[in-house]
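Peer 1: Start from chain Y and add chains B and F with the ligands according to the hints.
Residue numbers (our numbering), protein chains in the order written: chain Y, 73 to 367; chain B, 2 to 289; chain F, 56 to 289.
Hints in this document: simulated from the structure, not taken from any laboratory.
Even glycine gets a Cβ: it sits at the ideal position worked out from N, Cα and C.
Possibly wrong hints are sitting among the right ones.
Here are some of the chain F residues that sit facing chain B, going by a computed Cβ distance under 7 Å [to be verified]: (1) R128; (2) A131; (3) A155; (4) L160.
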Amino acid sequence: MDSYLIAMVTLAAIYAMMAISLNLSWGLAGMVNLGLAGFISIGAYASGLLTTVLGWPVPLAILAAMIIGLVSGVALTYVTLRLRDDYLAIVTLGFAEVIRLAIVNELWLTHGSDGISGIPGIVAREYGYGFELGTLALALAAVALCYWLADRVRTSPYGRNLRAIRDDPEGTAVAGKNVTLIKVKTFGLSTAIAALAGAFYAHYTSFISPEIFQPLLTMYVFLALTMGGTGNNRGAMLGAFLLIFVLEASRFIAPSLPQFSAVQHAAIREMLVAVLFILTLLYRPQGISPETRHR
Amino acid sequence: MIETILQLAANGIMSGAVLAVAAIGFTMMFAVLRFPNFSLAGHMAGGAYAGWIANTMFGLPLPLALLCGFLVAGGIGVASDFIVLRPLRRAAPITLAIASVAISLFIENALRFGFGNDLRSFDLPLARDWVIGWLRLGPQQVQNAGLAIVAMLILFVIFTFTQTGRAMRATADNAGLAAVKGIDTEKITRLVSFLGMGLAGAAGVLLGADTSIEPLLGLKVILSVFAAAVLGGLGSIPGAVLGAFAIGIVEEASQIVVPATYKGAVGFVAILLVLSFRPSGFLGRRQT
Amino acid sequence: MVLIVRDLVAGYGAADEILKGVSLSVGAGEIVSIIGPNGAGKSTCLKVIAGLLAPRRGSVTFKGHEIAGLPARRTAALGLAYVAQENNVFPSLSIQENLAIGGYLNPSTRRRRSDEIMGQFPLLRERRRDAARALSGGQRQTLAVAMALMSEPALLVLDEPSAGLSPVAAETLFETIVAIKAAGVSVLMIEQNALDALAISDRAYILVLGQNRQDGPAADLANDPEIRTIFLGG
Ligand SMILES: Nc1ncnc2c1ncn2[C@@H]1O[C@H](COP(=O)(O)OP(=O)(O)OP(=O)(O)O)[C@@H](O)[C@H]1O
Ligand SMILES: [Mg+2]
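Excised from the complex, chain Y in its bound form (with noise of 0.2 Å):
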């Protein structure tokens, strides 16, 4: 397989996590997640420092990312889940720029703006194209095991109560049900995915900076799940590689305008993005595979 091939599914299985993550929280549960951005850094920086600051091994480090991804998740929900998901969505938006803040901050262990360079790969980079095909293998697994995990919590029951709460947040219809636990988890798991992506990320592009995780990627996550279709797992797949797509496509906006200047390209390119993204919210809300409602 071509390694430019390689690159970008490798690429957008990792943005086919985070939209699973999305879904997760957003698309089955109804609790909207801006902060989307700050736990997928708070994984990719977990994971990194750990395995060049600590030098753990990166299996053990992804699965502490995780973790911490997790806890962060649940911390974050446990203070706004009784309020309106509009409180959520400027509580998640400011974490997401706190924990930026911290990452320019804290010079002694981020580097700051400078970023984290050197994460060894999953699979050691010196295997050039083993590296590469692994990874990729690597990265289709664990979207395999997100889609399993999400496509578990949609169908089993706990699901059916999640979109109940999701669609009818006075909560008449899961009267009795513990719906503050539910939301915790559910977010906990969302946000524990969100960092195993940001892991993922790290080892596969070895460089790390707050650069990368800026409220546009948040933005880039939602686009690829509204595409695809909000509530369907398999629509967040669909959209990571739509996203993907969008994103490369937009490449040849360059050379086709050379008038213009990096900067000014860069931003024709997100004006599109977002241009998308209202499009697909005013013509079709729903996503190219709509969710299909159980009983």
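Peer 2: Frame of chain Y, contents of chains B and F with the ligands only:
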């Protein structure tokens, strides 16, 4: 020590006044449209650039530049509402919130396309700090705070003494009932978008006059603005003003204990604390 | 006739036939009551008349204008004032401001009307600076009716105005409604308190399961033994 505290309080009040202008915009739109409009950040930047152009290219003084920022940001607000949000009026609040993030992304990048990422500053007369006792006040900050307070007074008059102002508050209270009383709620919504985003733009100009402007100017302070609104109770205008002064002061005071680089985190902590202990905010009555 | 409703079919979303062909009319200066069991569709019928719900079929003619499907603010502009059962005042606005919004469509006469109405309801004048949320249930209902009168309507449409009021407050409210009629305004109202409603009404309609069951002069219905047993509690 006491000098430092007084100095920080004075600085906090001045920056709080500017924050208040944006927080009023945010909270009044929330009251009528019922979703947190994140594109406030983009509109702040849009207004800031409009004011900057008026000031540096047309040589207008700050109050007029402020007016330009208000009008342009209000215009963009009405346009973005008409094109993107109006068709989504019946969608869930969160869908609207996310659409508003996309609007902000668009505006910020349109500015980046036109002006690049460079910091730009207003062309304002430099003046030495005023020293009153041990208090040092920057004339520019004082002027900004003064303009912010004038803007708030004008708004207060509109809301309390005009029938249109009453109609806006009535629509915020109960849009269905407002329609039954003959109010064109869609028109009111448009007006609220204009005023709300206009205020965001005016706040953008004031922030820019204080330091400098860049496409992400709004994004940098949006957390403080949200914190002010949440602190005061989402949807409450007097609450937003109080909340803004509180956040302004606490942000300045926080510099005693944490590095100034963490100023942006203060708003977040304030939000968490308020939501934990008094979710409806200082003056909010609405059940959460 | 001020209001003529013909063969109205209306509902909500999937339940799109709550009303299955309702007809009624209100003449000039008349008080007309709608009575019927819970869930009969009485409130739904008033919402269609007020313009809050578009009917699937049928017509609503008000002062000669076809108003079925017109938005609420247009029917209001034609002189139809609707008072919902709940949430019928603006809680954070003062009483004075509530009245001002009640007269939103008549800016030229607003001040005069406001004075007249506060003369008619001294309580509202006394508390004119208080926020409406501070009023008791009966006071709030009075304010809601007063707001409706601010627009000098030809027809006042009331959904269970006495619900939740003490007997004394309900009594006062009915007296107010009679006074409104005396001033030449037609009234269409729903009442749970059927006997009291019939006592002040000229005519009444009985609605069951979204259909007309019976209608006629209020006095006749009040004395009909069958109706007394089924709807009027003996
Ligand atoms: N907004 C709505 N959406 C869906 N169904 C509704 C709605 N409002 C009312 N209904 C249904 O329509 C039917 C008629 O309701 P309506 O309120 O018109 O009855 P009513 O005669 O006024 O009863 P009541 O005496 O209880 O006020 C009921 O079965 C009710 O459940
Ligand atoms: Mg009813």
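Peer 1: Please go over all the hints and tell whether each is borne out by the structure.
Peer 2: Consistency of the hints with the structure:
1. Checking R128 (chain F) against chain B: minimum C-beta separation of about 5 Å stays under 7 Å; hint holds.
2. The beta carbon of A131 (chain F) comes within 4 Å of a beta carbon in chain B, closer than 7 Å, and the hint placing it at the interface holds.
3. Contact between A155 (chain F) and chain B, as hinted, is supported at the beta carbon level, the nearest pair being about 6 Å apart and thus within 7 Å.
4. This hint holds: L160 (chain F) has a C-beta 4 Å from the nearest C-beta of chain B, less than the 7 Å allowed.
Violation of the numbered hints given earlier is absent; every hint is satisfied by the structure.
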